[in-house]
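Following the hints, position chain A against chain B.
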Amino acid sequence: AQKITQTQPGMFVQEKEAVTLDCTYDTSDPSYGLFWYKQPSSGEMIFLIYQGSYDQQNATEGRYSLNFQKARKSANLVISASQLGDSAMYFCAMRRVGQLTFGSGTQLTVLP
Amino acid sequence: EAGVTQFPSHSVIEKGQTVTLRCDPISGHDNLYWYRRVMGKEIKFLLHFVKESKQDESGMPNNRFLAERTGGTYSTLKVQPAELEDSGVYFCASSGTYLPNTGELFFGEGSRLTVL
Numbered sequence: 001a002q003k004i005t006q007t008q009p010g011m012f013v014q015e016k017e018a019v020t021l022d023c024t025y026d027t028s029d030p031s032y033g034l035f036w037y038k039q040p041s042s043g044e045m046i047f048l049i050y051q052g053s054y055d056q057q058n059a060t061e062g063r064y065s066l067n068f069q070k071a072r073k074s075a076n077l078v079i080s081a082s083q084l085g086d087s088a089m090y091f092c093a094m095r096r097v098g099q100l101t102f103g104s105g106t107q108l109t110v111l112p
Numbered sequence: 001e002a003g004v005t006q007f008p009s010h011s012v013i014e015k016g017q018t019v020t021l022r023c024d025p026i027s028g029h030d031n032l033y034w035y036r037r038v039m040g041k042e043i044k045f046l047l048h049f050v051k052e053s054k055q056d057e058s059g060m061p062n063n064r065f066l067a068e069r070t071g072g073t074y075s076t077l078k079v080q081p082a083e084l085e086d087s088g089v090y091f092c093a094s095s096g097t098y099l100p101n102t103g104e105l106f107f108g109e110g111s112r113l114t115v116l
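Line order of the protein sequences matches chains B and A. Mapping to my numbering: the first sequence position 68 is 68, numbers consecutive. Mapping to my numbering: the second sequence position 15 is 15, numbers consecutive.
So here's chain B without its partners, still in its complex pose (with noise of 0.2 Å):
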């Protein structure tokens, strides 16, 4: 069975600041895909990063990146230079076999 923890139900940064949102993952497969979405207040889900379990490198896509760290099985988000626009439920998630398996959210709010 998969599991994915995200122990910080909620977490403060200032503005401008960057800010590690924590993600640890169980799985006994080889063979996975890790995501982040982003929830902001009006519901929606939006995609963010996503790591696959061979690649060598940690993905980054513009202020987001990702630590990988397949050893210690985490998957940590890194928010760089943080906005006010970034306050929102962050998820992050685990995908096999064609369905996603999701952490409990951390609420992340960003202070002016």
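With a cut-off of at most 20 Å between alpha-carbon atoms, the simulated SDA-like pairs for lysine to any residue come out as follows:
#1 A:Lys41 <-> B:Ala1
#2 B:Lys3 <-> A:Met60
#3 B:Lys3 <-> A:Pro61
#4 A:Lys41 <-> B:Gly43
#5 A:Lys41 <-> B:Pro40
#6 A:Lys41 <-> B:Gln8
#7 A:Lys41 <-> B:Met11
#8 A:Lys41 <-> B:Ser42
#9 A:Lys44 <-> B:Pro40
#10 A:Lys41 <-> B:Gln2
#11 A:Lys44 <-> B:Pro9
#12 B:Lys3 <-> A:Lys41
#13 A:Lys44 <-> B:Phe47
#14 A:Lys41 <-> B:Tyr25
#15 A:Lys41 <-> B:Gln107
#16 B:Lys3 <-> A:Asp56
#17 A:Lys41 <-> B:Glu44
#18 A:Lys41 <-> B:Asp26
#19 B:Lys3 <-> A:Glu42
#20 A:Lys51 <-> B:Gly98
#21 A:Lys44 <-> B:Gly43
#22 A:Lys44 <-> B:Tyr25
#23 A:Lys44 <-> B:Glu44
#24 A:Lys54 <-> B:Arg96
#25 B:Lys3 <-> A:Lys44
#26 A:Lys41 <-> B:Ala88
#27 A:Lys41 <-> B:Gly10
#28 A:Lys44 <-> B:Thr7
#29 A:Lys54 <-> B:Gly98
#30 B:Lys3 <-> A:Gly40
#31 A:Lys44 <-> B:Ala1
#32 A:Lys44 <-> B:Thr27
#33 A:Lys78 <-> A:Ser58
#34 A:Lys44 <-> B:Gln2
#35 A:Lys41 <-> B:Thr24
#36 A:Lys44 <-> B:Asp26
#37 A:Lys44 <-> B:Thr24
#38 A:Lys44 <-> B:Ser104
#39 A:Lys41 <-> B:Asp22
Calculated directly from the structure, the hints in this document are not laboratory data. This structure is a prediction, so every number in the text was calculated from the model and none was measured.
Just chain A, lined up with the frame of chain B:
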């Protein structure tokens, strides 16, 4: 290009009534998924269509839930009869490829269901 659209955005019904949620995936996407988030819990997988066929329905909670995707385009999720514990947000997602461990899922904005 239009994204995944869901209707209604919010539905309030009484226990025992029926509700039908609709999802229009991105045009050309063969893979369509339903997820739901019950208040305070994780987002959970319900089922996966490939075109009109149910590829995986292991997440469907019970037989009060019926999902269809006639013609392989839009999908409906019917809850009949609705119970209090069905309240939550129902998300639909689609993808163009079926690579088991890769590929982005495009989500709709969700349909919030409130059962009174």
